[in-house]
Amino acid sequence: DGGITQSPKYLFRKEGQNVTLSCEQNLNHDAMYWYRQDPGQGLRLIYYSQIVNDFQKGDIAEGYSVSREKKESFPLTVTSAQKNPTAFYLCASKGSVATTEAFFGQGTRLTVV
Amino acid sequence: GDSVTQMEGPVTLSEEAFLTINCTYTATGYPSLFWYVQYPGEGLQLLLKATKADDKGSNKGFEATYRKETTSFHLEKGSVQVSDSAVYFCALSDQNRGSTLGRLYFGRGTQLTVWP
Chain C
6 DGGITQSPKY LFRKEGQNVT LSCEQNLNHD AMYWYRQDPG QGLRLIYYSQ
56 IVNDFQKGDI AEGYSVSREK KESFPLTVTS AQKNPTAFYL CASKGSVATT
106 EAFFGQGTRL TVV
Chain U
3 GDSVTQMEGP VTLSEEAFLT INCTYTATGY PSLFWYVQYP GEGLQLLLKA
53 TKADDKGSNK GFEATYRKET TSFHLEKGSV QVSDSAVYFC ALSDQNRGST
103 LGRLYFGRGT QLTVWP
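Line order of the protein sequences matches chains C and U. Take 6 as the starting number for the first sequence in the working numbering and just add one per residue. Take 3 as the starting number for the second sequence in the working numbering and just add one per residue.
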C-alpha cells in the first residue's frame, strides 16, 4: 500500500546530540514537508522540498537541517543548535497539482533527556 | 501572505449535538481548502476538501463549503458522536504558479470532545 513512513515513532536524545528523523514515501509525490507540533500551537513548518536536490526553509528552520537526495526520502536532522527540540514531528508529502491533498506520516515524538 | 484562522476551542459537546468549527483564510490566489483530523498520537488524516468557490466537501457526515465572498470554509456536522473526538485542522494550499507547488498553511487546530 502507498503511504508515508516515519521512523522511529519515539526518539530520545541527550542534550548536545544531533538526531535524524526518517521520512520515506512511495506515493511518487514531488513535494515533501516537515512540521513541528507543540501543544496548543498547531503545525509549524520547518522545511519543505518541491523537487529532488532542492529545499526551502519554513517558518522555524533554525536548528534543523534536511536533505533531498532521492524523491522518496526527506530526512530531518535536529541539531544541537535547536534549543527546545522536544516535540511531535510530522512529515507530509503532496502531489504535483495544487488541488491535491497532503498525506501525513504517523509522526515521531522526540524527547530530550 | 497566505494564512488560516480557525476557532481554537476547545469545543465540548454532547453526543448528537450540532457542530460548527469556524475557519477563515487569507490568500492572494485561488487556494484549495482542506479539513484534516488528528486522533491522539497519530498523524493527520484528510477529512474533506474543496478546490474552487462554492464547492462543498463532505465525508463521514461532515461538510464544509468554500465561500470566496466571505473567505471561509466552516466545518459542520449535524450530529456528533463520541468517536468524532479529535483535533481538527483547517488548511489551504496556495495556487500552483507555473512549476511551483507552493506550501501548505494550517490553522492552529480545534480540540473537539464529545461526551456520551
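Simulated from the structure, these hints should not be mistaken for lab results. Careful, some of the hints might be misleading.
The list that follows gives simulated cross-link-like pairs (lysine-lysine, DSS-like), each with its CA atoms no further than 30 Å apart [said to hold, decoys possible]:
no., chain 1, residue 1, chain 2, residue 2
1, C, Lys62, U, Lys62
2, U, Lys54, U, Lys70
3, C, Lys62, C, Lys19
4, U, Lys62, C, Lys14
Here's how the hints hold up against the structure:
| no. | hint | verdict |
| --- | --- | --- |
| 1 | C/Lys62 with U/Lys62 | 36 Å, violated |
| 2 | U/Lys54 with U/Lys70 | 9 Å, holds |
| 3 | C/Lys62 with C/Lys19 | 25 Å, holds |
| 4 | U/Lys62 with C/Lys14 | 28 Å, holds |
Consistency with the previously given hints fails for number 1 only.
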